[in-house]
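Participant: Take a look at the letters that make up each chain.
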Amino acid sequence: MKTTALVFMAGAWIFVLGLTLWSFKRLLAEPPEHEKLPPPGSIP
Amino acid sequence: MTDTAPRAQWGSRIGLILAMAGNAVGLGNFLRFPRQAVENGGGTFMVPYFIALILVGIPLMWIEWGVGRYGGQHGQGSTPGMFDALWKHPVSKYLGVLGLFMPFVVLVYYCYLESQTLAWTVFAALGSMRDLDQEGMRQFLASYQDLGNPAFHATWVPFFFYFFTLAVNFWVVSKGLTGGIEKLAKIGMPVLFVFAAILVVRVLTLDAQPVADAAGCAAAGMCGPVDGLNFMYTPDWGALGKPSVWLAATGQIFFTLSVGMGSLQAYASYLSKKDDIALSGIATAATNETAEVVLGGSLAIPAVVTFFGVTGAVAIAKGGSFDLGFIAMPLVFNQLPGGAIMTALAGIMWFGLLFFAGITSSVSMLTPVKAFLEENLGWSSRKTLQVLFVVAASLGLFHVIYNAGGFLDEWDYWAGTFGLVILALVETVIFVWIFGPDNAWRELHEGAAIRIPRFFKFVLTYVTPVFLIVMMVWWSYIEAIPKLMLEGIPEEQKGIRTASRLVMLGILVFQIFLIRYAWGRKARKGTA
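Chains as they are written, first to last, in the numbering used here: chain W, 1 to 44; chain S, 45 to 572.
Simulated from the structure, these hints should not be mistaken for laboratory data.
Restricting the straight-line Cα-Cα distance to at most 25 Å, the calculated cross-link-like pairs of lysine-lysine (PhoX-like) are:
id: 1; chain 1: S; residue 1: Lys317; chain 2: S; residue 2: Lys501
id: 2; chain 1: S; residue 1: Lys318; chain 2: W; residue 2: Lys25
id: 3; chain 1: S; residue 1: Lys538; chain 2: S; residue 2: Lys527
id: 4; chain 1: S; residue 1: Lys227; chain 2: S; residue 2: Lys318
id: 5; chain 1: S; residue 1: Lys427; chain 2: S; residue 2: Lys569
id: 6; chain 1: S; residue 1: Lys230; chain 2: W; residue 2: Lys25
id: 7; chain 1: S; residue 1: Lys362; chain 2: S; residue 2: Lys527
id: 8; chain 1: S; residue 1: Lys566; chain 2: S; residue 2: Lys132
id: 9; chain 1: S; residue 1: Lys317; chain 2: W; residue 2: Lys25
id: 10; chain 1: W; residue 1: Lys25; chain 2: S; residue 2: Lys227
id: 11; chain 1: S; residue 1: Lys317; chain 2: S; residue 2: Lys132
id: 12; chain 1: S; residue 1: Lys132; chain 2: S; residue 2: Lys569
With beta-carbon atoms standing in for the labels, derived distance ranges:
id: 13; chain 1: W; residue 1: Ala10; chain 2: S; residue 2: Lys427; range: 52 to 62 Å
id: 14; chain 1: W; residue 1: Ile14; chain 2: S; residue 2: Gly180; range: 37 to 47 Å
id: 15; chain 1: S; residue 1: Tyr561; chain 2: W; residue 2: Ile14; range: 44 to 54 Å
id: 16; chain 1: W; residue 1: Leu28; chain 2: S; residue 2: Val510; range: 33 to 43 Å
id: 17; chain 1: W; residue 1: Leu6; chain 2: S; residue 2: Phe557; range: 53 to 63 Å
id: 18; chain 1: S; residue 1: Ile95; chain 2: W; residue 2: Ala10; range: 11 to 21 Å
id: 19; chain 1: S; residue 1: Arg495; chain 2: W; residue 2: Ile14; range: 15 to 25 Å
id: 20; chain 1: S; residue 1: Lys317; chain 2: W; residue 2: Ile14; range: 32 to 42 Å
id: 21; chain 1: W; residue 1: Met1; chain 2: S; residue 2: Phe557; range: 49 to 59 Å
id: 22; chain 1: S; residue 1: Gly220; chain 2: W; residue 2: Leu6; range: 43 to 53 Å
id: 23; chain 1: S; residue 1: Glu531; chain 2: W; residue 2: Leu17; range: 36 to 46 Å
id: 24; chain 1: W; residue 1: Gly18; chain 2: S; residue 2: Ala256; range: 34 to 44 Å
id: 25; chain 1: S; residue 1: Gly180; chain 2: W; residue 2: Leu28; range: 46 to 56 Å
id: 26; chain 1: W; residue 1: Trp13; chain 2: S; residue 2: Gly282; range: 17 to 27 Å
Note that the coordinates shown come from a computational prediction; the quantities given were computed from them, not determined experimentally.
Glycine is no exception: its CB is placed at the ideal position from the N, C-alpha and C atoms.
Based on the sequences and whatever the hints tell you, model everything.
Facilitator: Laid out in structure tokens, this is it:
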């Protein structure tokens, strides 16, 4: 494969895959507000 | 659901992201993107493409999530009500008609295209295209799209697949947000990615093939998938100065992210006030870009270059996205080692992934109009879907019958292309300029899992709107005005195309009337 094409392709793939993995990692690390359990003792 | 019923909510965050990404990932990721990249300088196209993603695509994604969630807090799942909540002005709700008009019009013809992907999945399984050469494959497609050409398909076949596809879409939406749309996304998106990944591996491990014209390929008289990737990613720096490349790249960002349609806002309206939209918007855009750049960019072009050479691939791409996906790809599958079974499997996976990409998008297009009728006219979900099905099926008949005459092309251009830029501009002006940059910025950070870099406040306030204005003016000048005047259209198509526009205009006017009626009704009930 030509070097220029390889650099372009690698750059594009790293950018989109990196952004996808980073965003999903952050999303899955913290549950959304309505999926969080209520504080202990708050349910009678 | 009635005017006062509580709004539905997404079942889980991952379900929401998959549904949003399913909305964005569509036929354009696998058919339109490779064609646009090839036609606009390969690697050079990717430079304005990524610039447009950052300056227009992701900001618009945030705007649409923000507009949608804000509207949802005011009990509105469609843009007339959302704009009315953001901007208390008599005209705002009427500007929102675009977010009803576009998704519904696109739904009608998109289901026709989607039904073709389903039909071709069945044809691939049955081996119907196994012995066809290029001309045979062209006739196979033409016979389906033109009811007057019964060479390969009986007249009832396109009707059957259209109504079946439309019915499946309505059935999914009738099951509700979590039981229908979210479940479809949780099944459809992984299937789509797995099919695409398997095909990418198969395509990239193809042996080089002898081709008639091997210009642009590394080996003499032979082309392989690497030549396709070289072609796709080698920059033509001269093309970077061409306005048309920037326009094509920005246009592709619009289509691929489904921004300017009204459907992302509708999905976002089912979020709660404390749900994140900043990170979720990025995750949606990034998932779509993975499907487009990594998978979509590694399928059609490398495969077609391997069997037809670079010159042949360019010629096919110039014929349109359908030539690439429905003529060239089945021809490639016919030549795969492994015989009839491998040909059938590859065909099922290719057209199957296109079908899943299509249906996860089309169900989202039904949501805004459904929400409008239920929330503003007090219709039940059952009644709404029954009425919309009858209307969509009736309008869809025009596409099945008159597709060869250019009926669909008119809807695709005015509603599915040009209209997106108009709605994007209108919502940006309302959300950022009228609602106010500070309010918009605060709204985006409500419940946010990340802080959006402050640089984007400047982008949202100035760069994105200016980019959209320039794009709209430019596009109008070089493309929309000649199209409006039917320049270059064969004489025999002008009647059908004019009728097509009148039908669209009729839908638009009727929806404006509906908005007027709905707000009048609310005023009488004292709920406006």
